[in-house]
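Trainee: Turn these sequences into a full structure, and let the hints steer you where they fit.
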Amino acid sequence: MTGPDRRPRAEGDDPWAVLRSATRARVALGRAGDALPTARELEFRAAHAAARDAVHSPLDADRLRADLGGEVLVVASAATDRATYLQRPDLGRQLAGGTTLPATGADLAVVLADGLSPRAVHAHGPGLAAALLERLPGWSVAPLVVATQARVALGDAVGAALGVRAVVVLIGERPGLSSADSLGVYLTWDPRPGRVDSERNCVSNVRPPHGLSYAQAADTVAALLGAARELGASGVALKDEGPVLPPGAG
Amino acid sequence: MTVRRATLAGHTYEFPTLVELMARATPLRSGDVLAGCAAESAAERVAAQTVLADLPLATFLDEQVVGYDEDDVTRLVLDTHDARAFAPVASLTVGEFRDRLLAWAAAGDEASISALAPGLTPEMVAATSKLMRTADLVAVGRRARVVTGLRSTLGLPGTLASRLQPNHPTDDPVGVTASILDGLLHGSGDAVIGINPATDSPARTVALLELVDAVVSRYAIPTQSCVLAHVTTTLRALEQGAPVDLVFQSVAGTQEANRGFGVTLDLLAEARAGALALGRGTVGEDVTYFETGQGSALSAGAHLGVGGRPVDQQTLEARAYGVARHFRPLLVNTVVGFIGPEYLYDGKQVLRAGLEDHFCGKLLGLPMGVDVCYTNHAEVDGDDTDALMLLLGAAGCSFVIAVPGSDDVMLHYQSLSFSDVLTTRSVLGLRPAPEFEAWLARMDLLGDDGRVRELPADAPAARALLAAATP
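So the protein lines, in turn, are chains A and B.
For the first sequence, my numbering assigns the number 1 to the initial residue and increments by one for each residue that follows.
For the second sequence, my numbering assigns the number 1 to the initial residue and increments by one for each residue that follows.
One thing to keep in mind: the hints can contain errors.
[To be verified] Straight line, CA to CA, 25 Å or less: simulated SDA-like cross-link-like pairs of lysine to any residue:
#1 B:Lys348 x A:His48
#2 B:Lys348 x A:Arg174
#3 B:Lys348 x A:Ala66
#4 B:Lys348 x A:Val236
#5 B:Lys348 x B:Leu78
#6 B:Lys348 x A:Ala35
#7 B:Lys348 x A:Asp90
#8 B:Lys348 x B:Glu44
#9 B:Lys348 x A:His122
#10 B:Lys348 x A:Thr80
Honestly, the hints are just simulated from the structure, not real lab data.
Mentor: Here's what the structure looks like:
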């Protein structure tokens, strides 16, 4: 025996067909003795490799700057390399020593941060940023900022330095095996170091075609920004009175 | 306060408090570096271990790591300490206690080791683990016997059970059922069929409980189910008359961290009483299930001890077991490697933490299981989890967690697979829980050689299970 018969069959004849269609879980993989068959083992390794590469491939700031167009500022966090970044979330929330940014007095700053998946920022950052800015005609916007080795809260330091009223951080999310390029969006009103997570709003899983589209995400973020401006706050208070977030945006 | 010191290679290291001594003595861990309490050099770490080895075990009854007056975990542990059980080791130092445990383990003296549990405190076992090597943790953990039961008996010598974790991103009933069947066909699920719900909705929790109960009842499977919702949600489900086998809750090692989880000791006692009243057990009455994991207190900013000093994450983890054991659990598992590399950086740290947690829990009298797992931003892969899995099997771990193909599609992390459980059992000659093994035989899923058979999907046994699930 080399494992269950996995030859293609008419759907009505395969008891697993209906069940498989209801989950992306790796069910009915077959067996090689007690272990997985070679093909299934390699599929798993490929998914893990994609997720690992998503974490460890550095952000190409020059390429991103070119994709974004216009004036783009590039900053780094105080975490000097990837290993430090992963172990010291506190450093990933601070700007590198000596960083200077112009005080703009603008309404909004948009930060594209590598987070745990630089690949997600390359793939979806420029598209989402453009979709968002299109929806904010009445807002003055500071030059776009690209940030490396960055955690979400680095946006607070950037926003404070730029002197803006709100900051939106587009950041690569922790990659799962089936989603190595998912982008998250975090909005903070009146950004300054020391803001806590409950003072932010989040829209996650921007990842067309499997996750949210740029238009869907930008609509939600633009609406949140409008509500934040009225309320003068973001976070838990805004969630209570603002628009309904899409499922999974927690 | 006694300043303790040791001289190593001409340099004298000082440890002004017990909190610092414990933290400096612990093997290197990224979470302790993050908290600012790790040893600053390899030499300082050994110096601290040297001081710790000479510390009388009884010191931990008089001197606290987290203050008695401000922390209900400390009060629970000290107020329920059993001096009679402690008596055989009361005069030993931490180093002598390590030697005694190893001597008992080598002699196969399970009774002496297991009888100590009510006399030990979390800090005592944490301190001892810091002096042990990997093989020491395995040798002693293996001899600490903890047997529990509800509808299956767990922790018997020569057994390894598994939690079948059939998570689904939207809790889709057919999707969840597909994963349950895949696990059952691989001989998994004797510890529990335990679902992490995608939301904390009471209605969803009840629906999932009913779904698993229907499968378990229809095939008379000697196991228990659990929906790992917040304890307050499970209390609501109990009020609605849902088939609750086990009350679940994540717990941590300080009152403040538990407050962050939204739980109090009173709430846990109330929920346990509720589940006990249903009388759903057949072979036992252990009705609680707790999850823990190194780093959770730090992650909640609730990791400070006496004098506002950071307590190391391994000591805090052992203190979580001090909470769990008060509620007579059927199952406890540490989720080692779930949070991320800022707490356990790589395979070496994950492996060490998993074995420490198993050792400490067992010595404190807990039915310890481990979720052998990792996230994609940690320096860990399947080779590392294989090593930990096989060591845990050798260490007499009560159960491990298993998901289809190692890939949890709801929580976005990797745990063990159903295949891994089969491998561990066959490599180490371990068997499922006896009631479950008999059920596998009745279902024609067990071969004459005692191994779970490789079944084509159209075999009668597989077909019967599949037909029941197909809408």
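Trainee: Next step is simple, just say for each hint if it's right about the structure.
Mentor: Here is what the structure says about each hint:
1. Note on lysine 348 of chain B and histidine 48 of chain A: the hinted pairing holds, with a Cα-Cα distance of about 19 Å set against a maximum of 25 Å.
2. The hinted pair formed by lysine 348 of chain B and arginine 174 of chain A meets the criterion: a straight-line CA distance of about 22 Å does not exceed 25 Å.
3. Taken as a hint, the lysine 348 of chain B and alanine 66 of chain A pair is broken in the structure, with Cα atoms around 41 Å apart against an allowance of 25 Å.
4. Our distance criterion of 25 Å between C-alpha atoms is broken by lysine 348 of chain B and valine 236 of chain A, whose separation comes to about 39 Å.
5. In summary, the hint linking lysine 348 of chain B to leucine 78 of chain B is not supported, as the alpha carbons are separated by about 33 Å, beyond the 25 Å threshold.
6. As the CA atoms of lysine 348 of chain B and alanine 35 of chain A are separated by approximately 24 Å, the hinted pair is consistent with the 25 Å bound.
7. A C-alpha spacing of about 23 Å is found between lysine 348 of chain B and aspartate 90 of chain A, which places the hinted pair at or below 25 Å, so the restraint holds.
8. With a C-alpha separation of about 20 Å, the suggested pair lysine 348 of chain B and glutamate 44 of chain B falls inside the 25 Å cut-off, and the hint holds.
9. Taken as a hint, the lysine 348 of chain B and histidine 122 of chain A pair is broken in the structure, with Cα atoms around 32 Å apart against an allowance of 25 Å.
10. A hinted pair counts as satisfied when its Cα atoms are at most 25 Å apart, and lysine 348 of chain B with threonine 80 of chain A qualifies at roughly 23 Å.
Of the numbered hints given earlier, the model fails hints 3, 4, 5, 9; all others are met.
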